[in-house]
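The listed protein sequences correspond, in order, to chains A and B.
Anchor point for the first sequence: position 223 equals 223 in my numbering, and the numbering is continuous, going up by one each time.
Anchor point for the second sequence: position 178 equals 178 in my numbering, and the numbering is continuous, going up by one each time.
It should be emphasised that the hints constitute simulated quantities derived from the structure, not laboratory data.
A hint or two may mislead.
Identical chains blur together in the list; that is why a pair holds if it fits in one copy or across any two.
What the hints assert, rightly or not - The list that follows gives simulated cross-link-like pairs (lysine to any residue, SDA-like), each with its CA atoms no further than 20 Å apart:
no., residue 1, residue 2
1, 251, 164
2, 332, 36
3, 270, 292
4, 270, 303
Note that the structure is predicted; figures quoted are calculated from it, not measured.
Number of protein chains: 2
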Amino acid sequence: MIIDCHGHYTTAPEPLQLFREAQKEAFKAGKALPEVPHISDDKIRESIEKNQLKLLEARGLDMTIFSPRASAMAHHIGDEAVSKQWTSACNDLIHRVVDLYPQKFIGVCQLPQSVGVPIKNSIEELERCVNELGFVGCNLNPDPSGGHWTSAPLTDPSWYPFYEKMVELDVPAMIHVTGSCNPHFHTTATHYINADTTAFVQFLTSTIFQDFPTLKFVIPHGGGAVPFHWGRYRGLAQDMGLPDLSEKVLKNVFFDTCVYHQAGIDLMLKVLPSENILFGSEIFGAIKGVDPTTGHYFDDVRRYVDQSEHGTPAVRQQIFSSNAQRVYPRLKPFLACRAC
Amino acid sequence: MIIDCHGHYTTAPEPLQLFREAQKEAFKAGKALPEVPHISDDKIRESIEKNQLKLLEARGLDMTIFSPRASAMAHHIGDEAVSKQWTSACNDLIHRVVDLYPQKFIGVCQLPQSVGVPIKNSIEELERCVNELGFVGCNLNPDPSGGHWTSAPLTDPSWYPFYEKMVELDVPAMIHVTGSCNPHFHTTATHYINADTTAFVQFLTSTIFQDFPTLKFVIPHGGGAVPFHWGRYRGLAQDMGLPDLSEKVLKNVFFDTCVYHQAGIDLMLKVLPSENILFGSEIFGAIKGVDPTTGHYFDDVRRYVDQSEHGTPAVRQQIFSSNAQRVYPRLKPFLACRAC
Numbered sequence: 001m002i003i004d005c006h007g008h009y010t011t012a013p014e015p016l017q018l019f020r021e022a023q024k025e026a027f028k029a030g031k032a033l034p035e036v037p038h039i040s041d042d043k044i045r046e047s048i049e050k051n052q053l054k055l056l057e058a059r060g061l062d063m064t065i066f067s068p069r070a071s072a073m074a075h076h077i078g079d080e081a082v083s084k085q086w087t088s089a090c091n092d093l094i095h096r097v098v099d100l101y102p103q104k105f106i107g108v109c110q111l112p113q114s115v116g117v118p119i120k121n122s123i124e125e126l127e128r129c130v131n132e133l134g135f136v137g138c139n140l141n142p143d144p145s146g147g148h149w150t151s152a153p154l155t156d157p158s159w160y161p162f163y164e165k166m167v168e169l170d171v172p173a174m175i176h177v178t179g180s181c182n183p184h185f186h187t188t189a190t191h192y193i194n195a196d197t198t199a200f201v202q203f204l205t206s207t208i209f210q211d212f213p214t215l216k217f218v219i220p221h222g223g224g225a226v227p228f229h230w231g232r233y234r235g236l237a238q239d240m241g242l243p244d245l246s247e248k249v250l251k252n253v254f255f256d257t258c259v260y261h262q263a264g265i266d267l268m269l270k271v272l273p274s275e276n277i278l279f280g281s282e283i284f285g286a287i288k289g290v291d292p293t294t295g296h297y298f299d300d301v302r303r304y305v306d307q308s309e310h311g312t313p314a315v316r317q318q319i320f321s322s323n324a325q326r327v328y329p330r331l332k333p334f335l336a337c338r339a340c
Numbered sequence: 001m002i003i004d005c006h007g008h009y010t011t012a013p014e015p016l017q018l019f020r021e022a023q024k025e026a027f028k029a030g031k032a033l034p035e036v037p038h039i040s041d042d043k044i045r046e047s048i049e050k051n052q053l054k055l056l057e058a059r060g061l062d063m064t065i066f067s068p069r070a071s072a073m074a075h076h077i078g079d080e081a082v083s084k085q086w087t088s089a090c091n092d093l094i095h096r097v098v099d100l101y102p103q104k105f106i107g108v109c110q111l112p113q114s115v116g117v118p119i120k121n122s123i124e125e126l127e128r129c130v131n132e133l134g135f136v137g138c139n140l141n142p143d144p145s146g147g148h149w150t151s152a153p154l155t156d157p158s159w160y161p162f163y164e165k166m167v168e169l170d171v172p173a174m175i176h177v178t179g180s181c182n183p184h185f186h187t188t189a190t191h192y193i194n195a196d197t198t199a200f201v202q203f204l205t206s207t208i209f210q211d212f213p214t215l216k217f218v219i220p221h222g223g224g225a226v227p228f229h230w231g232r233y234r235g236l237a238q239d240m241g242l243p244d245l246s247e248k249v250l251k252n253v254f255f256d257t258c259v260y261h262q263a264g265i266d267l268m269l270k271v272l273p274s275e276n277i278l279f280g281s282e283i284f285g286a287i288k289g290v291d292p293t294t295g296h297y298f299d300d301v302r303r304y305v306d307q308s309e310h311g312t313p314a315v316r317q318q319i320f321s322s323n324a325q326r327v328y329p330r331l332k333p334f335l336a337c338r339a340c
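If we strip away everything but chain A, and leave its shape as in the complex, we get:
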């Protein structure tokens, strides 16, 4: 079985985006927010079957842990009410996809974060998505400002009530920023990657996992720059008198494989413990084209994992399946259901 831990509904039907535009207009004009439109099952099927589902099947993947389009979360737009309405609309749509394809998609929610609003205000939506919609995790934005990094770091105690709820519900968070509104940072090429590195170092240099020994995070896009600079981070921990990374962060932090070339995946598999790597390909995601040097899609990550010189069958089994089941304990009933 191959579980892709990182897929986004980047192909959601057009009415969702039209609603978002209307919502932004209403907010700007100080008017009441528009109603969330109904989107038909047929529209949803069409948007999924010719895109994500087609690729899943073509690439021999069994299921995707699926969340709303990350770049559209845009927690810096509007206010808390705008973010709440947009978030529940996006999460409800993910739930519709999961209901239509329960063998193929498992839900992960976005959160109604908003600039200057405490993260504890996102607990209610997390509970709704996990307890009522059957979601197995959430995407947590370490920078609701969209590239200005004006909030408190992830290790600040203000985040702790949310972590308490994550632990109680036994769900992990993927660290995932959204679109950048800082002209320095290209959204998918810079902001995503920088945020991954930023979160890792915050975790490394804090006591967060002493405070929450069972808290779990997935850092996407291969962990940003982290595996490439593994020596720097090992050395930094040692210079700071911290425990080894295996002790300090690797019981709690996991990395997905959204790295779009063979050499990058080879490096990950070489330096990171195989227990800490989760298969993810971010489809439909950042890069859509075919690599002319291989003749395959850049984001066909399964090939890189299959072909890696560091990937024994046991390692591939961990990366493709068993690690995800460990990190997302709430996957269990879905997998049991598939088996029956």
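Keeping the supplied structure of chain A fixed, place chain B upon it in accordance with the hints.
Only chain B this time, still in chain A's reference frame:
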């Protein structure tokens, strides 16, 4: 010959730092700035011989392209007058080191950047350092705010007068941020690495090298996350309809080898053209300890290059010597002098 393109005077004698503290105090109190103290040749020799010079010799390196301590540039502190005085003091001290060890150290300057001050105000110090002190390049800070990223991106026309002067003087700039005052970003573990990635993507997605075909930048710390995500950047360029990276950026952008483990250097040498890699080790820099898994210093980068499976003798010669000579044309008289 082995040229290390990335060394900082992190061991400058104590009076320099005491002066800096006094300068900051004076600024805060609204008083006249203190005078720059005289530091004796003996103090300078002591600070160099037991540190950088000792390591150069122990590691069989011939010379270092040497600049002031990057984390102490702190362009966000004080105002333009403070930054100017601090910068000229630091650059003058580099010149003293070069004068004492002309066979071993070549100067690169910091710039008197300051938040909200146009970069063209740094031209005078660049000219002084190149024309009067014999420096061969500069360190350019893409984020004078120290982690808040409030200025214009490097590709904004406001930077162009400075690039015109770089081209005229035929000197490259190393992209190098300074200490972070944003609690999200650890200086050496996060801010340095993120800034490298940020600069690369700015270059990739702009017309800067169409506007300045001979402008050259060195991106340190292995280019941040760039080589690890080489597939993402190749794919992004293709998706955006841009020319291949070799055409779009690799005639103008070079990467140093400040990556502190074998697998990272192996990746660099595998994915980047060997013409684009310059040996650099950032000593004394970010990581000071010995890697217990190898028994050697994390920052003893020469070992990784020597031992890389992708490093033929011809490739090593490029990385250790000929690329630096091409990127820093003003090295020529120093090398001629060494030969006589």
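Do the hints match the structure? See the list:
no.: 1; hint: 251 x 164; in the structure: within (17 Å within a copy, 51 Å between copies)
no.: 2; hint: 332 x 36; in the structure: neither (32 Å within a copy, 67 Å between copies)
no.: 3; hint: 270 x 292; in the structure: between (26 Å within a copy, 17 Å between copies)
no.: 4; hint: 270 x 303; in the structure: both (16 Å within a copy, 19 Å between copies)
When the structure is compared with the earlier hints, a violation turns up for hint 2 alone.
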